[in-house]
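Line order of the protein sequences matches chains A, B, C and D. The working numbering puts the first residue of the first sequence at 6, with every later residue one more than the last. The working numbering puts the first residue of the second sequence at 6, with every later residue one more than the last. The working numbering puts the first residue of the third sequence at 2, with every later residue one more than the last. The working numbering puts the first residue of the fourth sequence at 2, with every later residue one more than the last.
For the record, the hints were derived by calculation from the structure and aren't laboratory data. Small disclaimer: the values here were computed from a predicted structure and weren't measured. Heads up, a few of these hints could be off.
[Claimed, not checked] Which chain C residues face chain B? A few, computed with CB under 7 angstroms, are given here:
1) Tyr9
2) Cys40
3) Arg122
Every residue, glycine too, gets a C-beta built ideally from N, C-alpha and C.
The primary structure of each chain is shown beneath.
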Amino acid sequence: MNTPDLAAIRAQFPILSEKIYGKDLVYLDNGASAQKPRAVIDAMVHAMEHQYANIHRGLHWMSERTTDVYEQTRDLAAGLMNAASREEIIFVRNSTEAINLVAHSFGRHLLKPGQAVLISEMEHHSNIVPWQMLRDACGIELRVAPITDDGELDFPAFEALLADGKVGLVAITHMSNVLGTYLPAERVIQTAHAAGALVLLDGSQAIVHRAVDVQTLGCDFYAWTGHKLYGPTGIGVLWGRKALLEAMPPFLGGGDMISSVTFAHSEWARVPHKFEAGTPAILEGIGLGAAIKFVQNLGYDAIAAHEAALTEYGLAHIGEIPGLTIWGHAKDRGGVISFTMDGAHPHDIATLLDRQGIAVRAGHHCAEPLMRRLGLNATARASFAAYTTYGEIDALVAGLRRVREFLA
Amino acid sequence: MNTPDLAAIRAQFPILSEKIYGKDLVYLDNGASAQKPRAVIDAMVHAMEHQYANIHRGLHWMSERTTDVYEQTRDLAAGLMNAASREEIIFVRNSTEAINLVAHSFGRHLLKPGQAVLISEMEHHSNIVPWQMLRDACGIELRVAPITDDGELDFPAFEALLADGKVGLVAITHMSNVLGTYLPAERVIQTAHAAGALVLLDGSQAIVHRAVDVQTLGCDFYAWTGHKLYGPTGIGVLWGRKALLEAMPPFLGGGDMISSVTFAHSEWARVPHKFEAGTPAILEGIGLGAAIKFVQNLGYDAIAAHEAALTEYGLAHIGEIPGLTIWGHAKDRGGVISFTMDGAHPHDIATLLDRQGIAVRAGHHCAEPLMRRLGLNATARASFAAYTTYGEIDALVAGLRRVREFLA
Amino acid sequence: MNAVESLYQSVILKHSRAPRFRVELGQGAAACHCRNPLCGDDVTVQWRAGPAGAIAEIGFTAEGCAILIASSDLMAESVLGLDRDRALKKARAFRAMLDDGPEIAEPTLASFAALRDYPARKRCATLPWQALESLMSGDMKCQS
Amino acid sequence: MNAVESLYQSVILKHSRAPRFRVELGQGAAACHCRNPLCGDDVTVQWRAGPAGAIAEIGFTAEGCAILIASSDLMAESVLGLDRDRALKKARAFRAMLDDGPEIAEPTLASFAALRDYPARKRCATLPWQALESLMSGDMKCQS
Ligand SMILES: Cc1ncc(COP(=O)(O)O)c(C=O)c1O
Ligand SMILES: Cc1ncc(COP(=O)(O)O)c(C=O)c1O
Numbered sequence: 006m007n008t009p010d011l012a013a014i015r016a017q018f019p020i021l022s023e024k025i026y027g028k029d030l031v032y033l034d035n036g037a038s039a040q041k042p043r044a045v046i047d048a049m050v051h052a053m054e055h056q057y058a059n060i061h062r063g064l065h066w067m068s069e070r071t072t073d074v075y076e077q078t079r080d081l082a083a084g085l086m087n088a089a090s091r092e093e094i095i096f097v098r099n100s101t102e103a104i105n106l107v108a109h110s111f112g113r114h115l116l117k118p119g120q121a122v123l124i125s126e127m128e129h130h131s132n133i134v135p136w137q138m139l140r141d142a143c144g145i146e147l148r149v150a151p152i153t154d155d156g157e158l159d160f161p162a163f164e165a166l167l168a169d170g171k172v173g174l175v176a177i178t179h180m181s182n183v184l185g186t187y188l189p190a191e192r193v194i195q196t197a198h199a200a201g202a203l204v205l206l207d208g209s210q211a212i213v214h215r216a217v218d219v220q221t222l223g224c225d226f227y228a229w230t231g232h233k234l235y236g237p238t239g240i241g242v243l244w245g246r247k248a249l250l251e252a253m254p255p256f257l258g259g260g261d262m263i264s265s266v267t268f269a270h271s272e273w274a275r276v277p278h279k280f281e282a283g284t285p286a287i288l289e290g291i292g293l294g295a296a297i298k299f300v301q302n303l304g305y306d307a308i309a310a311h312e313a314a315l316t317e318y319g320l321a322h323i324g325e326i327p328g329l330t331i332w333g334h335a336k337d338r339g340g341v342i343s344f345t346m347d348g349a350h351p352h353d354i355a356t357l358l359d360r361q362g363i364a365v366r367a368g369h370h371c372a373e374p375l376m377r378r379l380g381l382n383a384t385a386r387a388s389f390a391a392y393t394t395y396g397e398i399d400a401l402v403a404g405l406r407r408v409r410e411f412l413a
Numbered sequence: 006m007n008t009p010d011l012a013a014i015r016a017q018f019p020i021l022s023e024k025i026y027g028k029d030l031v032y033l034d035n036g037a038s039a040q041k042p043r044a045v046i047d048a049m050v051h052a053m054e055h056q057y058a059n060i061h062r063g064l065h066w067m068s069e070r071t072t073d074v075y076e077q078t079r080d081l082a083a084g085l086m087n088a089a090s091r092e093e094i095i096f097v098r099n100s101t102e103a104i105n106l107v108a109h110s111f112g113r114h115l116l117k118p119g120q121a122v123l124i125s126e127m128e129h130h131s132n133i134v135p136w137q138m139l140r141d142a143c144g145i146e147l148r149v150a151p152i153t154d155d156g157e158l159d160f161p162a163f164e165a166l167l168a169d170g171k172v173g174l175v176a177i178t179h180m181s182n183v184l185g186t187y188l189p190a191e192r193v194i195q196t197a198h199a200a201g202a203l204v205l206l207d208g209s210q211a212i213v214h215r216a217v218d219v220q221t222l223g224c225d226f227y228a229w230t231g232h233k234l235y236g237p238t239g240i241g242v243l244w245g246r247k248a249l250l251e252a253m254p255p256f257l258g259g260g261d262m263i264s265s266v267t268f269a270h271s272e273w274a275r276v277p278h279k280f281e282a283g284t285p286a287i288l289e290g291i292g293l294g295a296a297i298k299f300v301q302n303l304g305y306d307a308i309a310a311h312e313a314a315l316t317e318y319g320l321a322h323i324g325e326i327p328g329l330t331i332w333g334h335a336k337d338r339g340g341v342i343s344f345t346m347d348g349a350h351p352h353d354i355a356t357l358l359d360r361q362g363i364a365v366r367a368g369h370h371c372a373e374p375l376m377r378r379l380g381l382n383a384t385a386r387a388s389f390a391a392y393t394t395y396g397e398i399d400a401l402v403a404g405l406r407r408v409r410e411f412l413a
Numbered sequence: 002m003n004a005v006e007s008l009y010q011s012v013i014l015k016h017s018r019a020p021r022f023r024v025e026l027g028q029g030a031a032a033c034h035c036r037n038p039l040c041g042d043d044v045t046v047q048w049r050a051g052p053a054g055a056i057a058e059i060g061f062t063a064e065g066c067a068i069l070i071a072s073s074d075l076m077a078e079s080v081l082g083l084d085r086d087r088a089l090k091k092a093r094a095f096r097a098m099l100d101d102g103p104e105i106a107e108p109t110l111a112s113f114a115a116l117r118d119y120p121a122r123k124r125c126a127t128l129p130w131q132a133l134e135s136l137m138s139g140d141m142k143c144q145s
Numbered sequence: 002m003n004a005v006e007s008l009y010q011s012v013i014l015k016h017s018r019a020p021r022f023r024v025e026l027g028q029g030a031a032a033c034h035c036r037n038p039l040c041g042d043d044v045t046v047q048w049r050a051g052p053a054g055a056i057a058e059i060g061f062t063a064e065g066c067a068i069l070i071a072s073s074d075l076m077a078e079s080v081l082g083l084d085r086d087r088a089l090k091k092a093r094a095f096r097a098m099l100d101d102g103p104e105i106a107e108p109t110l111a112s113f114a115a116l117r118d119y120p121a122r123k124r125c126a127t128l129p130w131q132a133l134e135s136l137m138s139g140d141m142k143c144q145s
């Protein structure tokens, strides 16, 4: 993206003109959640002002029109991921719920005691804790594939962990929210499949930055979360192969997920509705549709190219600051840069940057086991979006130099 | 509420000035979902335009301010229900998730095989299916308390079902979404407690129309859903007694609900965060706060008085239409009127009313077992809100007379 | 009177009050059962082929709204005597019409186009046609 | 320089670089451990009473940011020699100050008021005081 494009993109995000303590907001916490473009705000406002009712069972104009718009997002999401059918798109609250859904409906019913789930050392808690709960409830083993010092999956070790054929599911991040590492996903999936394991990719970060094609990847489940893709909170997507989804029992019970109910017995609705109990996040689904269109209008090629250039620039300039260590040196990496500074705790870095209007995240990034692997308690993290500018990275670098003057 | 008040209230709901097929919208599907006032829209827009970031772990201005506003809603919700503490308020997607959470975390862990859950014949599927799933997975018995022909809980039968002391939980609606019946909740709760059972109230409908005080009621869990209380979709509340919530294991695993994670073992966060995994519905929480304030500004006394008068008026005038039967004649009832018309299927009624701009619901209202109890497949249902007018009821009555000319 | 009202008045009432084809053909007749999960309406269509393979007998049983009953009755009336291929074509044309396709020639059938704007109701109109399609194509898995 | 920067420069750096009270008092000393679940910082405060019941020895161990270390060190320095009641009062005053209460008299402690706007960071400053409060009040359940 060249500068005029970028200005036009930024103009779509009202919040980017905010001031923090009198300074221009430099929002570099996109990995935690992205800001919302005008189109997303407008779609939600339009629904609330002009076209809203509960969906799916209403026989009146408002309900039918609202159902249409909401269900269009299912088509858009299927298109975004190149799903084989719209019925493979299940709306959930966020990635966390998506993974828990798989841990319950697949893990507790289609995995058998004695089988194992294989995760990696660089997972987000959302892709660790559900499997621990499964292990503790159902006697499914939990295996952890190590990473290299550069922050890549240790492939030989990964293969070794699959060798006994006991692994029923590999649940692994498509892109690390701490190290920026992109997984060699196709190779991982082929290797897992060859060992008889299905694969769930945690795409919470990955799908924000690069095109995802679940059919080309060949994975079995793919989870992501709307608020990181410029969409509203409260809505995410679980994609699963239709045959798998059909074989899985429902997760939550209630309205909309049944086809008939008697006290003795209920029949489940077809997928995807079987997994969508109760009134869905209607307004959020509508907002997510606008977010997907926003991303498609920009185009993943442009987003990926812009962010790759930004990341290179950021790595070079942040890496030059004396006493500063960057964590994660995978060959294939995205726009997330974690770092520490000698003599400065990451939380203090974040607070001092904040006074300069610069928002970065500091902490364990919901990846405590990875922190332990790196021998750290916390890092600071700058993460980029389609609207991030070189100027913002310059501001970060200047800010970090000032922090260093203070603390180091 | 007198007429000028009502006009001022209606002016806060932009959607109420919409036209449907050239006719004024007469929105009488509030029991399915309520419309959103300006304050709710504005709160969400303000967040998206000026003050948004992921919450709870951010050390920067946007994150801290967003956390504040979101967490204020917890205080507001605690105030609304008179909860003993804000920590008893758990944010969920909707009532359905709230009830499923209890079925999982309480039902699967604190109920024992041989114990029973007691529901009623007039439950919404959301308060039936989770208990069926619990029954089928864990050998917990499911009992059903009958209702009388007037649509009241059959109290002697209810007591008899509690008599053997095996019921561990009574899960029952505080107000029927079909019959309008208000449960004699305090009496139900005292009777259940005396028999050693805890009580969950499904307050999805009840809390919209009348003040709820969980401490006076004396119940143990209370579930409700934001979108019916003039709030956004994607957010609801489970209230539970703190000691109970503390005794229950978490439901979903992931970020935010842990205090520490190693691969071997995770420690849970304190309540309420133990039950709130992953990025919450931040914008929706903010919107819900505005909705609660809207309701508190109107005041439950005014809402209840207005709706009681409307309901009386509606029952009288709808009931006069020849060939029309009203279902549900409880002594204590709220603004939900279900009816059938001789020679006219409820779906056809809804379609023909819709062409006149009148939105009612028709179908089983997610209460198939209740339909069977009434010997029906479906009813049509008009349901009222704080902004409903007598004129709208007149329009409905005129519309129904026209439908009758067509069909009967 | 709007299009939906006139659909009710001109077609639906007649065929839903006194449906000629609401009969069970009894054992041996091929049957297909379709359900609209949105509203719970359901219909079972049965038929028997004559010597040349054409539709010699057709009937339905249904539980649901007037649109469903009328559409089922009209469907039966309009395909009686047709061979499989022509019946199948008509079923597809009817379904296509409601999915914003061209109106079909027969005026009573064409008046159902008034339901195009009613996603939930148009399924009530297409349900019997969907059952017919399954029966004629031999693919008995009804896709309700 | 803004208030937070000057807090860092004037108070935090000195006390976090060379904290005098970052020592383990060893066995027998009463200890309270508090953790900030938001950021994972934690602190353990230990103390021993002198013959009159006043704080004769106090020390802390901590893992966390400079604010936590500095606040712990300053806390220890400012309550050494106080009796339980006065220490408890000071702890409450410090915590109240950060909850938008009045600034307290001692200027170094008062400068922490700059953190009022930082909900997540103010817990790092109050954490050692919270541990102290538990120790002084005898209520050992640390409410981190
Ligand atoms: C009595 C009752 N219970 C439960 C629900 C379910 O609410 P939700 O769909 O928001 O989970 C509803 C509303 O549909 C209801 O009326
Ligand atoms: C890699 C990864 N997985 C999972 C999640 C969880 O996403 P959510 O909190 O929206 O469920 C996140 C984001 O926090 C993430 O970065």
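Okay, which hints does this one fail, numbers in order? none
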